[in-house]
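K.L.:
Here is how the chains run, residue by residue.
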Amino acid sequence: MKVKWKYSYLKKDINEIESTLHKVVNSSQPILKNASVQLLESGGKRIRPVFVLLSAKFGQYNLQSIKNVAATLEIIHMASLVHDDVIDEASLRRGKPTINSTYNDRVAMYAGDFLFAKALECMSEIEIPLAHQKLSETILEICLGEIEQIKDKYNFDQNLKCYLRRIKRKTALLISASCEIGAIASGASPAFQKCLKDYGYYLGMSFQIMDDILDFTASEKELGKPSGSDLIQGNITLPVLFAMNDLAFKEKIESVYEGIDPETVKPLINQIRKSTYIKAARKVSEAYLQKSLNSINSLPNSEAKEMLILIAKNIGNRKN
Amino acid sequence: MNSILELKNEVITQILHTIRHPYLNQHLQAPTIDDVKVTLLINLLKEHNFTSDKIVHYCKALMIHQIALDTHEKVSTFEGTPMDREKKQLTVLEGDLYSGLYYDALSKTGEIGLIRELSYAVKEMNEEKINLVHEQFSSLEDLFNCITVIESTILVHFAKFISAEESIKHIEQECLMSRLKKEFERFSVENCSDFISQFQRILGIVDLTKTKEELSKIIQLQN
Chain A
1 MKVKWKYSYL
11 KKDINEIEST
21 LHKVVNSSQP
31 ILKNASVQLL
41 ESGGKRIRPV
51 FVLLSAKFGQ
61 YNLQSIKNVA
71 ATLEIIHMAS
81 LVHDDVIDEA
91 SLRRGKPTIN
101 STYNDRVAMY
111 AGDFLFAKAL
121 ECMSEIEIPL
131 AHQKLSETIL
141 EICLGEIEQI
151 KDKYNFDQNL
161 KCYLRRIKRK
171 TALLISASCE
181 IGAIASGASP
191 AFQKCLKDYG
201 YYLGMSFQIM
211 DDILDFTASE
221 KELGKPSGSD
231 LIQGNITLPV
241 LFAMNDLAFK
251 EKIESVYEGI
261 DPETVKPLIN
271 QIRKSTYIKA
281 ARKVSEAYLQ
291 KSLNSINSLP
301 NSEAKEMLIL
311 IAKNIGNRKN
Chain B
321 MNSILELKNE
331 VITQILHTIR
341 HPYLNQHLQA
351 PTIDDVKVTL
361 LINLLKEHNF
371 TSDKIVHYCK
381 ALMIHQIALD
391 THEKVSTFEG
401 TPMDREKKQL
411 TVLEGDLYSG
421 LYYDALSKTG
431 EIGLIRELSY
441 AVKEMNEEKI
451 NLVHEQFSSL
461 EDLFNCITVI
471 ESTILVHFAK
481 FISAEESIKH
491 IEQECLMSRL
501 KKEFERFSVE
511 NCSDFISQFQ
521 RILGIVDLTK
531 TKEELSKIIQ
541 LQN
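Sequences listed follow chains A and B, in order.
In this text, residue positions in the first sequence follow the working numbering: the first is 1, and each later residue adds one.
In this text, residue positions in the second sequence follow the working numbering: the first is 321, and each later residue adds one.
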């Protein structure tokens, strides 16, 4: 999700968030300090803080307070990435060594737990129980989604509902929560909170479907991993689900198993890439994107609303 | 429901009910609920005249948090086969899920101040956990201080939260003793742990029998 923040009226506030992030994750323990700095400096588009800030613009915008919510959402995301790298046994993230590869799984687990605690400490500056309830519900759903994803690996008897629920938990909920909690924390009206929550949810769904499409259509260079990695790893995404409606296709897809030589799967991946199923999946993504835009129709016109629209359109056009 | 035993049974029942998950239960060992910590917490809350409902609520939230962090201790023990790999993946997520359940329990009752206090505790705990693996302690006192923080910090911060500072020393001693006993039992089976490595290095011993003797002496002294 790339947007040119340097042209944005949020630039100053984003810089403030960046310095808050550095302060919050600081530690007197040298390894934790290095690991946290390594994470912060490994990039990341800070899209969740941006959603928090933009949503807060529809209430009483107070950066000193809202920056805690923005930093919390980003640190929770960072903590989940650290633990995900242990799960995936990943050695690189955004081209840089992961904490588990620099140190080991134990340090990565401790660092993830440390970050989660720091996120909650930061969030505790917000004395609004509803904001905490929304965040805790989101965290739980995300964990349940990840467990579900492991359970459903190489399970070719999945349906669309199952896939949509999985991507909702995987991606859409945290974006939706960023928008909703930003609105709650700034005291935006319940009607605005709902608009922004829906915007984030539909946008997250659209984004993840597009991500799943790009896994087939983008080049290895653009993706930073081989095309079709999801299928090779047993993750059944929308293009594959559509393809499985064709029984001959389904039979080929069902021959993919854990540990299969990726070269064997290449012809199948190429076939999906050139199929109409990609186009069908793109239509679903576009429909979600449109729903996302429709959700904020009733919000008052403002720079924040324009930015939300810009981000949504940017997602619709993204190439990697 | 007034006796310690009744309260303990209720706490354990509620914890098991809250953390149940069919897929995790099917693939992973049931988590251990630390009996010493549950008893310490119940006693602490009873001494401060909390109602049974409140005792169960706080014990449940705090112990789920403790289980979450203990669960993550198991992650590095899985290596090798795809089955082990899936167990490792699920163990990471199991701990994360329990952390989420703890936060959910306290946010539902709006206890934001307690969430803050326990966040300090977890920060300290993880700093000390890394120190235990990577630092070279120069004395047994430093090593025991590290272990005391790891084992007791959640309970200690909770005691501060309910203004029960007078109980902190007792909590720290009980938690340290409990860990030393666990290390002694574990040593008899595995012969190694981060604690034992530090312990042997500080005392300049490598011999297993001698290590066991020294550890046993210290446990008796602490008792």
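Incorrect hints may have been included.
To be verified - Below, computed lysine-lysine pairings styled on DSSO-like, alpha-carbon distance capped at 30 Å: (1) B:Lys407 to A:Lys96; (2) B:Lys407 to A:Lys151; (3) A:Lys151 to B:Lys394; (4) A:Lys225 to A:Lys194; (5) B:Lys374 to A:Lys151; (6) A:Lys23 to B:Lys428; (7) A:Lys33 to B:Lys328; (8) B:Lys407 to A:Lys161.
Unchecked claim - Using C-beta positions, here's what the derived DEER-type ranges look like: (9) A:Lys161 to B:Asn322: 47 to 53 Å; (10) B:Asp390 to A:Arg94: 19 to 25 Å; (11) B:Glu461 to A:Ser101: 31 to 37 Å; (12) A:Gly43 to B:Tyr343: 41 to 47 Å; (13) A:Ile150 to B:Ser323: 25 to 31 Å; (14) B:Glu393 to A:Asn159: 43 to 49 Å; (15) B:Gly430 to A:Arg94: 50 to 56 Å; (16) A:Lys153 to B:Glu461: 47 to 53 Å; (17) B:Asn322 to A:Leu130: 30 to 36 Å; (18) B:Glu455 to A:Leu130: 38 to 44 Å; (19) B:Asp390 to A:Gly43: 30 to 36 Å; (20) A:Asn62 to B:Gln493: 42 to 48 Å; (21) A:Asp157 to B:Glu534: 56 to 62 Å.
If you are wondering where the hints come from, they were derived from the structure by calculation, not from laboratory data.
Predicted, not measured: the structure shown is a model, and the values here were computed from it.
All C-beta atoms in this analysis are idealised placements derived from N, C-alpha and C, irrespective of residue type, glycine included.
K.L.:
For every hint, state whether the structure bears it out.
P.N.:
Hint check results:
1. Our distance criterion of 30 Å between C-alpha atoms is met by Lys407 of chain B and Lys96 of chain A, whose separation comes to about 27 Å.
2. Taking the CA atoms of Lys407 of chain B and Lys151 of chain A, the gap is about 11 Å. The hint holds against a cut of 30 Å.
3. Taken as a hint, the Lys151 of chain A and Lys394 of chain B pair is honoured in the structure, with Cα atoms around 20 Å apart against an allowance of 30 Å.
4. The hinted pair formed by Lys225 of chain A and Lys194 of chain A fails the criterion: a straight-line CA distance of about 37 Å is larger than 30 Å.
5. In summary, the hint linking Lys374 of chain B to Lys151 of chain A is not supported, as the alpha carbons are separated by about 36 Å, beyond the 30 Å threshold.
6. In summary, the hint linking Lys23 of chain A to Lys428 of chain B is supported, as the alpha carbons are separated by about 28 Å, within the 30 Å threshold.
7. Only pairs whose Cα atoms come within 30 Å are accepted, and Lys33 of chain A paired with Lys328 of chain B is rejected, the gap being roughly 39 Å.
8. Straight-line distance between C-alpha atoms of Lys407 of chain B and Lys161 of chain A comes to about 27 Å, which keeps the hinted pair within the 30 Å bound.
9. One distance hint, 47 to 53 Å for the beta-carbon pair Lys161 of chain A and Asn322 of chain B, holds here, with the actual separation near 48 Å.
10. Our hint of 19 to 25 Å for Asp390 of chain B and Arg94 of chain A is violated, since their Cβ atoms are close to 31 Å apart.
11. At roughly 35 Å, the beta-carbon separation of Glu461 of chain B and Ser101 of chain A lies within the given 31 to 37 Å, and the hint holds.
12. For Gly43 of chain A and Tyr343 of chain B, the hinted distance range of 41 to 47 Å is not satisfied, since their beta carbons lie about 34 Å from each other.
13. Between Ile150 of chain A and Ser323 of chain B the beta carbon distance is about 42 Å. The supplied range of 25 to 31 Å is therefore violated.
14. Checked against the hint of 43 to 49 Å, the C-beta distance between Glu393 of chain B and Asn159 of chain A comes to roughly 38 Å, which is inconsistent with it.
15. Checking the proposed 50 to 56 Å range against Gly430 of chain B and Arg94 of chain A shows it is violated: the Cβ atoms sit about 38 Å from each other.
16. A hinted range of 47 to 53 Å holds for the C-beta pair Lys153 of chain A and Glu461 of chain B, which are about 49 Å apart.
17. Checked against the given bound of 30 to 36 Å, the beta carbons of Asn322 of chain B and Leu130 of chain A, roughly 35 Å apart, stay inside it.
18. Between Glu455 of chain B and Leu130 of chain A the beta carbons are some 42 Å apart, a value that agrees with the proposed interval 38 to 44 Å.
19. Taking the beta carbon of each, Asp390 of chain B and Gly43 of chain A are about 33 Å apart, inside 30 to 36 Å as hinted.
20. Distance hint check for Asn62 of chain A and Gln493 of chain B: the Cβ-Cβ separation is about 45 Å, which falls inside the suggested range of 42 to 48 Å.
21. For Asp157 of chain A and Glu534 of chain B, the hinted distance range of 56 to 62 Å is satisfied, since their beta carbons lie about 59 Å from each other.
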